[in-house]
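Protein chains in written order, with my numbering: chain Y, 1 to 118; chain P, 119 to 609; chain H, 610 to 792; chain D, 793 to 1278.
These are calculated hints, taken from the structure and not from any lab test. Everything numeric in this text was worked out from a predicted model, so none of it was measured. You may find that some hints are simply not true.
Unchecked claim - Output of the computed footprint for chain H on chain P, the stretches with three or more beta carbons under 8 Å from beta carbons of chain H:
{"hint": "1", "region": "129-139"}
{"hint": "2", "region": "180-194"}
{"hint": "3", "region": "380-389"}
Stated by the list, open to error - Derived DEER-like restraints, expressed as beta-carbon distance ranges:
{"hint": "4", "chain 1": "P", "residue 1": "R397", "chain 2": "D", "residue 2": "G982", "range": "25 to 33 Å"}
{"hint": "5", "chain 1": "H", "residue 1": "L772", "chain 2": "P", "residue 2": "V152", "range": "27 to 35 Å"}
{"hint": "6", "chain 1": "P", "residue 1": "S591", "chain 2": "D", "residue 2": "P795", "range": "24 to 32 Å"}
{"hint": "7", "chain 1": "P", "residue 1": "R397", "chain 2": "D", "residue 2": "H1201", "range": "24 to 32 Å"}
Ideal Cβ placement from N, Cα and C applies to all residues, glycine included.
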Amino acid sequence: MSPLGLYNYWVVIFLMMTGFYVVIARGNLIKKIIGLNIFQTSVFLLYLTMGKVRGGTVPIFAEIRADIYTHPLPSVLILTAIVVGIATTAVALALIVRIREAYGTIEEDDLDAINREE
Amino acid sequence: MEHLPVLLIVVPLMAAPLCVLIRQPTLVMGFALVVIWSCPLMAATLLQRVLADGTISYAIGGWPAPYGIEYRVDALNAFVLLFVSSLGAAVLSYAPRSIAREIPQSKHHLFVTSYLLCLTGLMGMTITGDLFNVFVFLEISSLSSYALISLGRHRRALTAAFQYLILGTVGATFILIGIGLLYQMTGTLNMADMAERLRDVTGVRTVLVAFAFLSVGLALKMALFPLHLWLPDAYAFAPSAVTAFIAATSTKVSVYVLLRFVFSVFGVGFAFDTLGLDRILLPLALVGIFVASTVAIFQQNIKRMLAYSSVAQVGYMVLGISFASVNGLTASIVHMFNHALMKGGLFMAMGCIAFRLGSVDLDRMRGIGRTMPVTMALWVVGGLGLIGIPVTAGFISKWYLIMAALEQDRWVVAALVLVSSLLALVYILRVVEVAYFQEPAEGDAHVTEAPMSLLVPTGLVIGATLFFGLQTSWSAGVARVAAESLLGLSR
Amino acid sequence: MLLLTLLAATAVTIARMRSLLAAVMLTGIYSFLGAGWMLLLDAPDVAFTEAAVGAGVSTVLMLATLALTGSDMKPRGHSPWLPLAAVLVTGAALVYGTMDMPAFGDPNAPIQLYPSPSYVDKTEAEIGVPNVITAVLGSYRGYDTLGETTVIFTAGIAVLLLLRGRHRRVRGDDTPSDGETPR
Amino acid sequence: MSPSTVLLLTLALPLVAAVLTGLFDRRPNVREATTLVAGVLTFLVVASLVPDVLSGLRPEATLFEVVPGVSIAFTLEPLGMLFALVASGLWIVTTNYSIGYMRSHDEGHQTRFYTCFAVAIFAALGVALAGNLLTLFVFYEVLTISTYPLVAHHGDEKARRGARVYLGVLLTTSVALLLPAVIWTYTLAGTLDFTEGGILAGKADNLTLGILLALFAFGTGKAALMPFHRWLPAAMVAPTPVSALLHAVAVVKAGVFTVMKVAVYIFGIDLLASTHISVWLMYAAALTVMLSSLIAMTKDNLKARLAYSTISQLSYVVLGAALATGSGVIGGSMHIAMHAVGKITLFFCAGAIYVTAHKTEISDMRGIGRVMPITTFAFLIGALSVIGVPPFGGSWSKWYLALGAIDAHQSILVGVLMVSSLLNIAYLLPLPIRGFFSAPEGVANPKVKEAPLFCLVPLCVTATGCVLLFFYADGIYRLLAPLGGQ
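Can you make the complete structure from the sequences, with help from the hints?
Here you go:
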């Protein structure tokens, strides 16, 4: 097993963790959603990285049938997952709009302070 | 009849958009009630058939596994489907009067739509035999529950929903990572198929990590201590009907999925012998039970108090899992059911109180035993169940849990479980004293009993906790069959 | 390799960025870069979707939100060590998990060998649509696609529930329908 | 009607009464009449089964299977028969008394009072008729819960604090000790049925059995074995009819009844005798007898003194069970009935004095015998019966207990019994003596003013009962004989 063979995965993991960090460390609600987006997009990359085969081609039948195709299933799954991701983002943003209206802020620390006072 | 498994999901799924089209609130509610009550009927039929003939496998669209998506119904998930759909139906029957107070009428049809979608998502997660499909339906139920929670009258409902959204999505993404890793190591997404293929790759580090991510993701969704942070606010500020519905169903389904993963996919040997899952779950469960119960004692908002109690009750379910024995699993499974009834009923009673008082604060509940005798009597019965007093369903759960602990000579655990139920006694008694032995506040003396349309469904659910405290062959009996099959001891 | 490094750099920049507007724009770029990488991974369908949805739709949504909420972000008071520790542990766990993974592009990875015959062969034989991904999406995993549509529908309903009538609410006449206002 | 139907009817009647009293909230006369009728009917139904049980029949009824092999089931055997007779019989008397007490005292929440009372009787009968440990445990807990509102009746801070202690101790002991004992027994023996000769013989080693016995003895908080006796004095904040029937009869007797049942039908007296695992329990019981008698002497509040007296008398029954000899068991069981009638008389008198003269402290009751001669005389009879002087019922049970102690070669315990009787005299007799022989304070020539008739008649009835029990003790002996293997 060559470490180089795993390099791609490690980068993907790094991306995921950057997103994850933004989600849990940043206090601005929009920033959190941005982090969530990065986190999820990176997970998509993880899936697609699995599917790739050395020397494989896009799994679309052209005139000439190739010998090796990249695995289609990760793509299929991720097409679904992308849609799920954008749906979550949309709901989250709608919530942020409402929170901003109700509280006048979208900073988590301020929100916590207001909620504690009540 | 052979399409029953998929009908159970597709019927409420298809009904949801129709609700948007119908729009007229009364019609929507009537239509949704017809639809939703058909679900427990279908689930009951499924359960009956599973108990008679064994596991049912249904290839969706006729595409056989492992290529296509399979629905796989055994005693465990048929049971979960039955009680989730029954409680969903019971709470929706209760909802019309309750939401009239809490949600603007222009949103009623959307509320019903979301409610149906949420139930669809939960049932979809339960019935499927495909890992990725779990994720998709998990998101359906999650997104709709975020929206439902945000409908609470108080603005804190919004922040509660947002917090749940963030933690819920992180949990779901963890689950997605776990599924991905497992897929990578096996090449399949079908649970049964994966269980076969995982036997060849036990001890592989990737599988270990996949297991960890799935567990953490699910622990977030089921609010296992210390990952429960989203739950108290979400339960406390959601509309009454939503709290009752989500408290009764959502965390239970996550516990179910954990059971499915641990026992059906990974297998007892891997999870317990190789990984020593019990060494992690047992202390977490116990600490969670004690911390959450103690915090519950100090709450002024009674919905929040019950929410913390839910966190503690999840601890009992996980504790049962950690024993990895027939009695332990029976305890977990039957407690999922019993707790769904008790908490559902309690939150419904809280809804009755909120309906009349407009508040769920302990101070406002003074003398409510006199002004709302029926509601409060129902609440007390539910509360007794949480303590685990005999004749209530909660006693049965506790019985199996203690038995499971004793048969493994875990004296300390048994003792802790019993002592913890006394914490429940403290927080229930606190409410009882205020409700029955204090005079109502000046302004609340004229408060009257909640309307029948709220009381009857509440009464039915609470009544069920008494029924299943005595007649246990339908609850503990089925749970036992399910537990045996999870451990591979039968069929 | 260059693309991956760029991706990483963009991600880190987003994490450190104070301006929300710039962060949103960079997220769009991040999605584009991601889509590019997906193209290299032989997943053109996904790449197009990601470019359209991730870089397009979600950026537009975020910008719209920013317009409503303002784009300043306050620095956070407390220390980042706890989240950082959580992230490091999670990341370390994942890296540990990669140790037994088949190498990138390994034709003998389990998913390439199982199930056999492969989706590609089966699709060719049973369905005959040239794009295997589309074919699988519509057939073997068609049910997931139904689920996906439902997710979008759910999100739509959720957004409606959240945003409908909110201007009335601002004016404060959003009373419950049965008219009785509980005390 | 078949005996098993009759058995279920016994339980159904108080439950129906509970529902009806709840419904007749606004019509006090109908409400109280309902309770009274239910009481009489219940007693008659129970009594109708006496011949069957005497002839050796054991009527049974089974309802639900709660856990595999264990159902909610009822079996009527001699000990349960006796307890059921005592509880239902005294319920009638107490209802009469309650009507007088509650009305003349103008208490609030009377509907809740009567409803909970009926539920408590239902639970006590359930304990009496239980056919297995699980059923017994279920009704034991129902009894605890249903009496909580009665203890907290007044609703003020003092009542709530008392009720908290009451519920806290009873639930804690039962949940933390008794329940595991039950489940443990189930895992050891595979059954929980009350079986003649016990179910545990040969199922575990002596150490396990010893621990199990301790769990049972202390877990049965209602038996008020020290150090778990605090709830009983705390319960005295309740209205006196509650103290009289529940905290001198139904609740506390349910406790010692449980201990007796466990000794006889779960362990089996042969097992206890042969393994000597119950020897420590004899001494624990003896210690409770002595200590609580001593504490009783220091109490000036009449109800508190009676409460400590009850704690002491309860341990006689536990002692009888622990002796594990035929006479001990019979004596202990008999004491359930004898003490019940005696102590309820004492409480009735205490309540009558409180309602009429508004006195609660013994030192304030000088000359009370001249104001309330009948009441004070009844108190004297009750006291003598509790002390164990012939010709009153209590003498028999103490006699058999002493015999049992001799059979078990525990001569120290015989001494304990004698000394404690002396102590009984010291704390029970001052009241009638001062009542009759000291002059009432302030008033030179007091007018006779007895309690209302509804209170007076019941206490006369139970006082007469103390005498009658002396002469008809043979019947009880014949009923209980099978327990002692005689």
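Can you name, in rising order, the numbers of the hints this structure does not satisfy? Those not satisfied are hints 3, 7.
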